[in-house]
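Quick mapping for you: the protein sequence lines, in order, are chains R and B. Residues in the first sequence are numbered consecutively from 2, following the numbering used here. Residues in the second sequence are numbered consecutively from 4, following the numbering used here.
It should be emphasised that the hints constitute simulated quantities derived from the structure, not laboratory data. Any given hint might turn out to be false.
DSS-like cross-link-like pairs, simulated, lysine-lysine; straight-line CA separation at most 27 Å [to be verified]:
| no. | chain 1 | residue 1 | chain 2 | residue 2 |
| --- | --- | --- | --- | --- |
| 1 | R | Lys16 | B | Lys251 |
| 2 | B | Lys29 | R | Lys56 |
| 3 | R | Lys206 | R | Lys14 |
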Amino acid sequence: MIDIHSLAFSYRKGKGTPVLDRLDLRIQSGHIYGLLGPNGIGKTTLLHLLSGLKKPQMGEIRIDGNNPFDRHPSFLEHLAFVPDEMPGIREEPVDYALSRGRFYPAFSPDLFRSLLSVFNVDSAKRISAMSYGERKKTYIAFHIACQNTYLFLDEPTNGMDLSSKALFRKALAAHSKEDSTILIATHQLADIEDIIDSVILLDRKGEVLCLPIDEIGRRLRFEYDTVTRQDAVWTERLPSGCVQICPNPERAETRCHIGALYNAFYGRKEQLLQAMSKSDQLSDK
Amino acid sequence: MNPVFSLSRFKKYFQYDFGRIWRRCKMDFFLVSLTGVVLYLLVHLRHLVFEGNWGDMSYSRQGLAYSLLSYLTALLLIRVYGWFTQKSQCVDYLLLPASALEKTLSMLLISIIIIPGGVVAVYSLLDYLVALLDPSYSTYWVNKYEYLSGIRAERTAGEELTPSFLALGLKSILNWMVAGLVSLLCALYFKKRKTLIAVCILFGIPLIAIAAMVQNGLPLNEILQLLNTWSKYIPLAILPLVAAVYYKWKYTTV
């Protein structure tokens, strides 16, 4: 489990607006989270902090009791971070994976090879000679094959073609461990919509929405028709009609529309959060 | 497993680190090792072209080649570890499951023992091969031994004793280490112009010191004596330089 308490981080210490400000968050094990938010909200920064690549300026992060910035080997061997920018190593993928995989107890060379062929990556080509998309697929394949407990992916589908994106979703869903916690930071909502089971929406003031998607579908009612509802806190036109987000006091299960939820959170956050708590209060009564 | 140091983990990390460096930099390593042969060829080529005869590779020229070799070896470390300031490469290494101490030790072992040792070994082997092919040429080590023995033989009772070969060898190794560490730190701490900065530190500081002494009217023998005295303190820099390498591994952020 990941516990984040009063986390603050700024690129210009003491000056300007902090990227993350008094962030409190609990990330449960065994889920695939979509880490969403507009540009500059701190998604990559949060992944860096969780991977121990940055030091929190305030507050603390605990991952299964570990402080990531200590970078203890026993912690690192269960963690994988795939950044948006990857090194162009002058090695063939299998050589890279075999030499590096020895550090990860659950690494499976066979799984890596099969993922490379699924992703259509030429294993005879050096990583440095690969295109951005191919390189990304190689690193993702390696980290999936490592079977780590924590997998953090920053914009994983950037540079991938449409079929690769589908293969990525399939591979992640099929080969991630039951107890793995996967965090995917992205702007490409459509690429991950089918595989995530929870969302994290970040906000500059430290307010955050972190819930399983089915729970959101119970706390809010997502209506997919053209009838205008008085209690709707957000209405969005879709190519096929429209979606409205309303309070859900009966807690009846509805299908969450993540795109609409995202827009509502950043467009009418107060009303959205009020609707969620209203649903809770009414259902408690 | 001990989070600070484990021998098996260190071995695994060292093999990985060395393997990756070897694959990437072996050509640079051999090119630097060729310094002596290149200088030998240049000297003889110049003689053949301008004087029409086979020249003489004197001991002083061999000494120059050896000094050049030591500086080039130090600068080679910038090529070997210069990736540290590239974000993507640095992330790749920082997240490898090994402790900061293990990563530091591996880096030090490679950069101040294996690489200089390997370069000197290849240089000496090539020097020996040249001596086999050219009967008029004797190797740098033989010349150095004869030169130092000559100085010893000329000394008379009452004069200060010349340091032993062992002490001279140790001093030379420590100076190589300091030069290597200075270069290594430039590779780790500076994002741009690493080589230029390292050259400025390695050559600039002694040059400024000599220029200042000449400006103050010190005679040449006193300048040499002062430089000799100061050089005894150079090895003292090893510990803080090593600590700076460890600090970088432990606290680097991206």
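Hints, verified against the model:
Distance hint between lysine 16/R and lysine 251/B is fulfilled; the C-alpha atoms sit about 25 Å from each other, no more than 27 Å. A threshold of 27 Å between alpha carbons decides the hint, and for lysine 29/B with lysine 56/R the separation of about 36 Å lies outside it, so the pair is violated. Proposed proximity of lysine 206/R and lysine 14/R is supported: the alpha carbons are some 17 Å apart, at most 27 Å.
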